[in-house]
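There are 2 protein chains.
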Amino acid sequence: MKESAREKIIAVGVEIVAVSGFNATGIDAILKAAGVPKGSFYHHFGTKENFGIEVINLFAENYTKKLHGYLDDEALAPLQRIRRYLEESIERTVQDNFSKGCLIGNLGQELAAQSERFRCRLEEVFHDWLGLFAKCLHEAQTAGELNPGLDAQSLAGFLLSGWEGAILRAKVMRSPEPLKQFVNVLFTRVLTAG
Amino acid sequence: MKESAREKIIAVGVEIVAVSGFNATGIDAILKAAGVPKGSFYHHFGTKENFGIEVINLFAENYTKKLHGYLDDEALAPLQRIRRYLEESIERTVQDNFSKGCLIGNLGQELAAQSERFRCRLEEVFHDWLGLFAKCLHEAQTAGELNPGLDAQSLAGFLLSGWEGAILRAKVMRSPEPLKQFVNVLFTRVLTAG
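The listed protein sequences correspond, in order, to chains A and B.
Letter 180 of the first sequence, counting from 1, is numbered 180 in my numbering, and no numbers are missing.
Letter 69 of the second sequence, counting from 1, is numbered 69 in my numbering, and no numbers are missing.
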């Protein structure tokens, strides 16, 4: 399927904004990387903020699809699905040389206090992800893998916080150590049957 | 003690950069808020990056002092010191209306991939904090509050990651919920004697 110029700009935006953040990303650099003539940006988006929302939407759509792929995989026990997602994410982070972090986490730090429109959209994305993890944790309880007395929603929030923070620390340290540490403590202390 | 113009600029910088980030903070806005004549910025700092490093240094110095105040407080049992720090931080975050997050976490997200000089300085600050938490967790083990078979350094990393991530999510949600959730799971599942 041929991408339209608008789609190209958004796809390139996801890559550049993931590394450089939103404010530091210049519109000219995006148009150049997308191979799209200058002048078309405001035609397609009106404002840089509208473009930013489309970048979030595309990233969230793709990432949520990926999370579904992991967390709905009935070939694995529920906790193994979460572990596989986390471990493969560590590999990808190392391959990317810790340059990206999590686009939603990055923009949350950068924009939540600056723009209520960004903040609300980012909150929705986190909320969607939280629901996917909570569902999988609930299935782990049903399967007898996870203490049924725990609140799956609350554990999902804990997991999402810890993971976002570990991604941040890995980026700052340029090391997978915080991510490995997080997975290890999570599965030995938090997500256990006892 | 009278602040010099340079000190005023750095102190104002800590406040503004905590809310707006580094790239989005204009030098003119800082000088105006500090009540310092234009033109003096480059005299004092040479580059905006040098100024950014001084902002990190001042914030880190003050915050590390604050952490020492909590974590070295021998009037409380070691785990109670950590709990008090976390709970009072939640109160401050609510008072600030979730506008700041953690300056070091914010700048880590924003700058770690952009500037090796910033990344290294931020890594040092996290490393210092990690050491303070690890020492307190080790004391908790000696006091019989925390399972002595656990690795205090690794738990400290887990705590720091989880807390940074919870601060991020609280900022995005404008709610203390992720912070409360984190503290609750941390003390019921992770930092226990068993």
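Hints may be right or wrong, so weigh each one.
Since the list gives no way to pick one copy over another, a pair counts as held whenever it fits inside one copy or between any two copies.
[To be verified] Heads up, simulated DSS-like pairs for lysine-lysine below, C-alpha to C-alpha not over 30 Å straight-line:
no.	residue 1	residue 2
1	38	65
2	48	32
3	180	32
4	180	38
5	8	65
6	180	48
7	180	8
8	48	100
9	48	135
10	135	8
11	135	38
12	65	135
13	48	66
14	66	38
15	135	32
16	48	65
Since the hints were derived computationally from the structure, they do not count as laboratory data.
To see whether the hints hold, each was checked on the structure:
In this assembly of identical chains, residue 38 and residue 65 lie within 30 Å of each other by CA distance neither inside one copy nor across copies; the values are 32 Å within and 51 Å between. For the homomeric pair residue 48 and residue 32, the shortest alpha-carbon distances inside one copy (16 Å) and between copies (27 Å) are both at most 30 Å. When the C-alpha separation of residue 180 and residue 32 is checked against a cutoff of 30 Å, the pair qualifies neither within a copy, at 37 Å, nor between copies, at 45 Å. Taking identical chains as interchangeable, the C-alpha atoms of residue 180 and residue 38 are never at most 30 Å apart, the minima being 44 Å within one chain and 48 Å between chains.
In the homo-oligomer, the alpha carbons of residue 8 and residue 65 lie at most 30 Å apart inside one protomer (20 Å), although the nearest pairing across protomers, at 49 Å, exceeds that limit. In this assembly of identical chains, residue 180 and residue 48 lie within 30 Å of each other by CA distance neither inside one copy nor across copies; the values are 37 Å within and 35 Å between. For the identical chains of this complex, residue 180 and residue 8 are neighbours neither inside a copy (35 Å) nor across copies (41 Å), given an alpha-carbon limit of 30 Å. Within a single copy, residue 48 and residue 100 get their C-alpha atoms as close as 21 Å, and across copies as close as 23 Å, so both meet the 30 Å cut-off.
For the homomeric pair residue 48 and residue 135, neither the shortest alpha-carbon distance inside one copy (35 Å) nor that between copies (47 Å) is at most 30 Å. For the identical chains of this complex, residue 135 and residue 8 are neighbours neither inside a copy (34 Å) nor across copies (51 Å), given an alpha-carbon limit of 30 Å. Proximity of residue 135 to residue 38 under the C-alpha cut-off of 30 Å is found in neither arrangement, the shortest distances being 45 Å within a copy and 56 Å between copies. In this assembly of identical chains, residue 65 and residue 135 lie within 30 Å of each other by CA distance solely inside one copy; the values are 15 Å within and 42 Å between copies.
In this homomeric assembly, residue 48 and residue 66 come within 30 Å of each other (Cα to Cα) only inside a single copy, at 27 Å, whereas the closest approach across copies is 39 Å. In this assembly of identical chains, residue 66 and residue 38 lie within 30 Å of each other by CA distance neither inside one copy nor across copies; the values are 33 Å within and 50 Å between. In this assembly of identical chains, residue 135 and residue 32 lie within 30 Å of each other by CA distance neither inside one copy nor across copies; the values are 42 Å within and 51 Å between. In this homomeric assembly, residue 48 and residue 65 come within 30 Å of each other (Cα to Cα) only inside a single copy, at 26 Å, whereas the closest approach across copies is 41 Å.
The earlier numbered hints that this structure contradicts are 1, 3, 4, 6, 7, 9, 10, 11, 14 and 15.
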